[in-house]
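Colleague: Residue numbers (full-length UniProt numbering), protein chains in the order written: chain H, 1 to 190; chain W, 1 to 190.
These are calculated hints, taken from the structure and not from any lab test.
Since we're looking at a predicted model, the values are computed, not measured.
Some clues are possibly wrong.
One copy or two, either will do: identical chains are not told apart, so a pair holds if it fits within one copy or between any two.
What the hints assert, rightly or not - With a Cα cut of at most 20 Å, we get these calculated SDA-like pairs of lysine to any residue:
{"no.": "1", "residue 1": "K179", "residue 2": "E163"}
{"no.": "2", "residue 1": "K81", "residue 2": "E58"}
{"no.": "3", "residue 1": "K15", "residue 2": "K111"}
{"no.": "4", "residue 1": "K179", "residue 2": "D112"}
For reference, the chains in residue letters:
There are 2 protein chains.
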Amino acid sequence: MRLLEERIRTSGRVKEGGILKVDSFLNHQMDITLFEQMADEFWRLYGSDGVTKILTIEASGIGIAVLVGQKFKCPVIFAKKTKTKNIDGAVYTSKVESFTHGQVYDIIVSKDFLHASDRVLIIDDFLANGAALSGLAELVSAAGATLVGAGIAIEKAFQPGGEQLRARGIRIESLARIKSMGPDGAIEFC
Amino acid sequence: MRLLEERIRTSGRVKEGGILKVDSFLNHQMDITLFEQMADEFWRLYGSDGVTKILTIEASGIGIAVLVGQKFKCPVIFAKKTKTKNIDGAVYTSKVESFTHGQVYDIIVSKDFLHASDRVLIIDDFLANGAALSGLAELVSAAGATLVGAGIAIEKAFQPGGEQLRARGIRIESLARIKSMGPDGAIEFC
Numbered sequence: 001m002r003l004l005e006e007r008i009r010t011s012g013r014v015k016e017g018g019i020l021k022v023d024s025f026l027n028h029q030m031d032i033t034l035f036e037q038m039a040d041e042f043w044r045l046y047g048s049d050g051v052t053k054i055l056t057i058e059a060s061g062i063g064i065a066v067l068v069g070q071k072f073k074c075p076v077i078f079a080k081k082t083k084t085k086n087i088d089g090a091v092y093t094s095k096v097e098s099f100t101h102g103q104v105y106d107i108i109v110s111k112d113f114l115h116a117s118d119r120v121l122i123i124d125d126f127l128a129n130g131a132a133l134s135g136l137a138e139l140v141s142a143a144g145a146t147l148v149g150a151g152i153a154i155e156k157a158f159q160p161g162g163e164q165l166r167a168r169g170i171r172i173e174s175l176a177r178i179k180s181m182g183p184d185g186a187i188e189f190c
Numbered sequence: 001m002r003l004l005e006e007r008i009r010t011s012g013r014v015k016e017g018g019i020l021k022v023d024s025f026l027n028h029q030m031d032i033t034l035f036e037q038m039a040d041e042f043w044r045l046y047g048s049d050g051v052t053k054i055l056t057i058e059a060s061g062i063g064i065a066v067l068v069g070q071k072f073k074c075p076v077i078f079a080k081k082t083k084t085k086n087i088d089g090a091v092y093t094s095k096v097e098s099f100t101h102g103q104v105y106d107i108i109v110s111k112d113f114l115h116a117s118d119r120v121l122i123i124d125d126f127l128a129n130g131a132a133l134s135g136l137a138e139l140v141s142a143a144g145a146t147l148v149g150a151g152i153a154i155e156k157a158f159q160p161g162g163e164q165l166r167a168r169g170i171r172i173e174s175l176a177r178i179k180s181m182g183p184d185g186a187i188e189f190c
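So here's chain H without its partners, still in its complex pose (with noise of 0.2 Å):
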């Protein structure tokens, strides 16, 4: 996605660490503008698939997965990262090795809301090593619910994740595929 591209261009930023810092548009002040823009383009892909629920992470999947849903006219799920007081009774759950954050943590869904019946469509904003992905898809497999696919707004493809998840055979659409960060911040995209 070209509009995608260009921003990423104009407004991230390369840090040490092979991190690439999007905050001003993507994960922590979002244009809601490039998020609609987003959501048609999930739209165009996605859109003859049947969908019944649209499935993300907290906290920087929600946002687009959100206006992803009002396109789709289906509910919206985050998983959730830690166990809370106010999720109680069963729950789908899988572990997540956090790229940005360095730990492990479990993820979880009440069964309340994954159905053997659902067609999901995973929605995230960064696949990178893919272990937030294949998480969320370990999710919909134990609720035997069918993953449709998943939309990305960035994928990292000088890391494994989408390589190795395609392999699995889960279709991915990634909207910017950024195939090297350059010590000077020069992105180069695929």
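Model the placement of chain W on the given structure of chain H, informed by the hints.
Modeller: Chain W alone, transformed into the frame defined by chain H:
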């Protein structure tokens, strides 16, 4: 807002410890159609107040805030609860004690995204003891920005947050104000 009250009555559940569980439509699974109607209501209440930024806090405020930002055609910022690798440089910070999680954490917003010229509408899903809203208001104040007011989905009016913050001169509009929650699960609205 009658529609939200009805939804709380039919789909909310009162749990031990004064917890209202609304995760089937508000803060785990999100009913986007309901959120759109809530955003319409916030627009009716604050649409003529020159809002330039929507501010919320991760994670469960983000969904509503994004649809409010869509209505107001302005960026949405979510305050973060921990300092991640992705946030560097100067931030505004304040402390919040979580009612749900029973712990104190820092919330931060990058100084890049809140300015003295901003007119800020705070959006959140719950108002109870007012800790999150108070912390967010501090961030707005630290930026020298104008706090237009707060838009809350559900206020537990039997807890002191709303009264205390209104006494400090903050305009708060809550779409559903709960007067009491009985041990039998009965919910009474103001």
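Colleague: How would you label the pair K179, E163 (within, between, both, or neither) given a Cα cut-off of 20 Å?
Modeller: within (13 Å within a copy, 53 Å between copies)
Colleague: Is the C-alpha distance from K15 to K111 at most 20 Å within one copy, between copies, in both cases, or in neither?
Modeller: between (39 Å within a copy, 18 Å between copies)
Colleague: Indicate which option fits the pair K81, E58 if close means a Cα-Cα distance not exceeding 20 Å: within, between, both or neither.
Modeller: For K81 and E58, both the intra-copy (7 Å) and inter-copy (12 Å) Cα distances are at most 20 Å.
Colleague: Classify it for me, K179 with D112: is the Cα-Cα distance of at most 20 Å met within a copy, between copies, both or neither?
Modeller: Neither, since 39 Å and 28 Å both go past 20 Å.
Consistency note: the structure conflicts with earlier hint 4 alone.
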